[in-house]
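J.: Please take these sequences and the hints and turn them into a complete structure.
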Amino acid sequence: MKALRHGDHRRLPASLVLAGGVLLLALSFVIGSARGAYAISPLQLWNVLLDMLGGSTQPTPEHLVFMNIRLPRLLLGVAAGAALGLSGALMQGLFRNPLADPGLIGVSSGAALAAGMTIVLGSLWFPEMPRTLGSWTLVAAAFTGSLLVTMLVYALSQQDGATRVGLMLLAGVAINALAGAGLGYLTFLATDEQLRNIQFWLLGSLGGARWSAVALVFAMVTAAAGSGIALARPLNAIALGEAQAALLGVPVERVKRLAVLLTALAVGAVTATTGIIGFIGLVAPHCVRLVAGPDHRIVLPGSALLGAALVLAADSVARTMVKPAELPLGVLTAFVGVPFFLLLLRHFKSRL
Amino acid sequence: MKAGFSLLRRRDALRYFSLPVVSAVPGVGGLGATAARAQGQAPVRMPRIVSVSGATTEIVYALGAEKQLVGTDTTSLYPAAALQTPKVGYMRQLSAEGLLSLKPDAVIGTTEAGPLVVMDQVRSAGVKLELVEADHTWTEVQRKVAAVGRATARVAQAAALQAKLDAQWAEVLAAVARKGGRKPRAIFILSHSGSPQVAGEKTAAHAMLNYAGLDNALVSTGGSANFAGYRAMTPEAVVTAAPDVIVTTTQGVEAVGGLEKFWQRPGLELTPAYKRRALVALDALYLIGFGPRLPQAVAELHQAGLKAVA
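Same order as they appear, the protein sequences are chains A and B. Position one of the first sequence corresponds to residue 0 (numbering that gives the first Met the number 0), numbered consecutively onward. Position one of the second sequence corresponds to residue 0 (numbering that gives the first Met the number 0), numbered consecutively onward.
None of the hints are false.
Estimated spans, in silico, between C-beta atoms of each pair:
1. B:Glu-65 with A:Val-21: 48 to 58 Å
2. B:Ala-231 with A:Arg-163: 34 to 44 Å
3. A:Leu-177 with B:Arg-44: 55 to 65 Å
4. A:Arg-256 with B:Gln-263: 57 to 67 Å
5. A:Trp-135 with B:Arg-44: 34 to 44 Å
A few chain A positions that, by computed beta-carbon distances, are all more than 10 Å from chain B:
6. Val-251
7. Leu-257
8. Gly-277
Everything labelled a hint here was simulated from the structure, so no lab data went into it. Glycine is no exception: its CB is placed at the ideal position from the N, C-alpha and C atoms.
T.: In structure tokens:
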């Protein structure tokens with residue numbers, strides 16, 4: 000990997016970058032725990048933590064709010080941010096394209112189309128359906144939709160038994176456009192109420208966090224992150240070109256398939272639960288690369304950590320800025336992420 | 000924004016320092032109430048409520064229970080005092096922590112309130128949910144009044160209000176029924192943002208036209224079979240419907256920039272209504288909110304409809 004590091008003596012060392020990422024995530028988690036519409040003072044928070052360890056008999060309201068609403072939400076935020084950041088890095092590495100993000104292979108648009116179908120068409124068969132925003136039906140449908148569309152994009156990019164990345168990029172763009180048109184047609188069919196539901200779904204929210212969903216998503220993202228980080232070395236080789244990577248003995252086909260599968264599972268699970276959270280998958284890897292260079296052994300875990308920290312920070316603002324109401328998270332990820340990104344861009348512009 | 004944050008910090012600080020007092024104050028819903036009862040304090044504490052629909056908020060004020068109202072949603076626009084209450088956001092996108100931070104005993108509204116997960120979380124925190132199904136009938140109003148009565152612990156006042164409203168309603172319906180002859184043909188245009196929409200069956204607007212003795216021309220022309228819900232307004236469908244009068248909301252007229260602009264919408268100039276500029280514009284919540292002002296709204300729409308074709 001010496002070639003990648005050439006002339007980068009100003010880059011921060013890997014251990015420092017990763018430690019910084021862990022610190023940033025821990026900090027945003029602590030701040031996120033202490034902030035919220037429901038006032039819980041640091042002392043009360045401490046008592047809740049003691050109760051949690053000791054197993055209290057009479058839970059206080061603060062205890063209920065923290066344990067049933069705030070904590071699952073924070074954990075869902077960590078899982079969502081980590082999945083989006085990591086998958087963004089995987090996709091940019093796989094496509095060798097700085098504009099790639101998890102949405103490119105159809106994960107988000109597939110989930111959105113399926114969610115829209117559930118909200119609009121579901122009501123034809125089950126009149127209660129439009130009210131079930133955030134229900135399991137919607138989550139399951141969105142997850143299935145994201146997997147199906149991603150599989151379609153993947154299948155379209157096959158040629159002579161190999162995955163052609165360039166073909167996958169274009170197929171992704173085309174299928175995304177098709178899914179967008181499908182969603183457009185659904186919004187035309189939708190009633191006012193359904194339209195509102197679709198709109199809010201597209202803006203994303205961690206408000207649907209309950210322990211059962213959080214546990215599922217967290218397990219899925221942890222598994223995906225474990226296998227994803229193992230792709231660092233092969234992706235470093237692919238950065239030199241697929242042919243070179245193959246010559247170095249990298250199983251290029253397997254790496255591509257695994258990267259797409261992990262992204263589909265992790266981002267699919269997250270998007271199905273939260274709706275679309277934009278921007279994190281695109282920007283987190285860039286931020287890490289600006290600071291630490293292009294080595295995937297740092298970029299992959301770093302993007303996961305930074306993605307999680309950014310989502311937690313954005314959600315903290317979403318939860319408290321207009322309390323007792325709440326802002327859509329999808330709006331804030333850009334508001335929080337863009338200034339951070341531009342700041343880094345200004346500071347490290349010599350490196351581009 | 001700055002003032003808001005500093006205020007919040009101050010409030011947090013106050014709470015922090017007055018911790019022993021705070022913990023004795025009834026907390027979240029049922030839990031707090033139980034604690035208070037167990038300690039034998041707080042002899043009469045009226046339930047704290049959050050109202051997440053314009054109509055239920057109106058009823059809260061009609062019952063004189065506004066002191067118990069600790070929060071409302073963004074559709075609660077009447078009376079004006081409701082605008083000063085803490086706003087919990089749009090009724091379909093509520094926040095669990097936001098609702099609970101107001102420490103309500105009950106949340107009242109319609110079944111449109113959501114998301115579902117949030118409502119479940121609020122319920123499991125011990126807060127009573129009183130959500131009324133909207134079916135665009137008079138019983139919808141009755142159920143709302145009863146729900147608010149239960150939630151605010153003012154069942155007797157609610158019954159009295161209901162009796163008064165029932166009498167008004169019977170009077171209005173009788174007045175509409177007395178007027179025989181041809182029903183004026185009307186269409187309802189909803190245009191709060193972007194592209195205008197027209198109301199078909201199974202909408203509050205369609206129900207209002209019927210109650211007020213107007214004929215929803217889009218449904219009766221029957222161009223498209225079972226036209227339900229709101230659909231994009233197409234000029235040709237409007238011309239085919241040939242309405243004598245256009246019904247819309249004042250917010251819709253303001254959104255396009257006044258009456259002049261409103262009549263410039265394509266298709267309208269070819270309707271019978273255009274010649275007399277027969278337009279009835281009423282406040283959205285008043286007209287299609289199905290709240291306690293429904294009898295007045297029906298009477299006003301009926302009169303205005305008649306005048307438009309007289």
